[in-house]
Amino acid sequence: MQSLFLDSNILLEGMRSRWGLSKAVLSLCAARIHQMVLARHVITEVERALIEVLRVEQAEEADDLLVDYFTFIDKARPMIVPLATIQEVTAAARIIHHLNHAPVLAAAIRARPDWLLSNNTEHFTQTVASRTGLKVATPYEFFRAIHP
Amino acid sequence: MKQLTRQRNNTDDDLVEFETAATRLEQRLDKLGVTEEDLLKAADKVRERMLAEVYGLGVDELVQP
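Chains as they are written, first to last, in the numbering used here: chain R, 1 to 148; chain Z, 1 to 65.
Only chain R is shown next, with the shape it has when bound in the complex (with noise of 0.2 Å):
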């Protein structure tokens, strides 16, 4: 079982899609084969990002939403990072040189985990990865990695 760190990107493309790449890796953590390891602040941004994209007209639906998208997080199992520190936040804004990023880049540094997978290949590099000594890949280039 390899853990596996998810940028907000993968859950969303997964959640969204029901077949792909993003959805395979979720469906695999949740098939305890692979370790789910999420951010607390992706978790949340993701939260937040749901309810951001309703329509006035559509707020109503919040809630349900938010019950599905809890149970499709609870069901997998994910290992939690908690927030980073400014600390933290700050020396991993000097490795990805996006202070944006640097939250997650802090918590995936603090977690340690076997790959972080991200579709941000503009910010998520493999500088970063050299910088860090992370495995730092999109799901496809994670699923050409364990099978070649």
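Treat the hints with caution; some may be incorrect.
Simulated coverage check for chain R against chain Z, where a stretch passes if three residues somewhere in it have a Cβ under 8 Å from a Cβ of chain Z [what the hints assert, rightly or not]:
(1) 7-21
(2) 28-38
(3) 58-67
(4) 93-103
(5) 106-114
(6) 123-137
Here are the simulated distance ranges between beta carbons [as the list claims (entries may be wrong)]:
(7) R:His123 - Z:Thr11: 12 to 22 Å
(8) R:His147 - Z:Gly56: 20 to 30 Å
(9) R:Ile86 - Z:Val16: 39 to 49 Å
(10) R:Arg131 - Z:Arg28: 32 to 42 Å
(11) R:Met79 - Z:Asp13: 41 to 51 Å
Worth flagging that the hints you see were computed from the coordinates, not collected in a lab. Cβ coordinates follow ideal geometry from the N, Cα and C atoms, glycine included.
Assemble chain Z onto chain R, guided by the hints.
Showing chain Z alone in chain R's frame:
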């Protein structure tokens, strides 16, 4: 052996509930007309706002090496 069977049953139950929740979530988002792109854009904005709210840091700054 019984413990292993119980663990496997628990995992199977969780997987079924996970897939059920995933399907419901997908159907709700379909019904609401929310696309993956909408969600990714919203998450980007939330990430930026959380930086300020949680850490009091400025928005989208490029940090020099």
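Structure-based check of all given hints:
no.: 1; hint: 7-21; result: holds (count 9)
no.: 2; hint: 28-38; result: holds (count 3)
no.: 3; hint: 58-67; result: holds (count 4)
no.: 4; hint: 93-103; result: holds (count 10)
no.: 5; hint: 106-114; result: violated (count 0)
no.: 6; hint: 123-137; result: violated (count 0)
no.: 7; hint: R:His123 - Z:Thr11: 12 to 22 Å; result: 34 Å, violated
no.: 8; hint: R:His147 - Z:Gly56: 20 to 30 Å; result: 44 Å, violated
no.: 9; hint: R:Ile86 - Z:Val16: 39 to 49 Å; result: 41 Å, holds
no.: 10; hint: R:Arg131 - Z:Arg28: 32 to 42 Å; result: 40 Å, holds
no.: 11; hint: R:Met79 - Z:Asp13: 41 to 51 Å; result: 20 Å, violated
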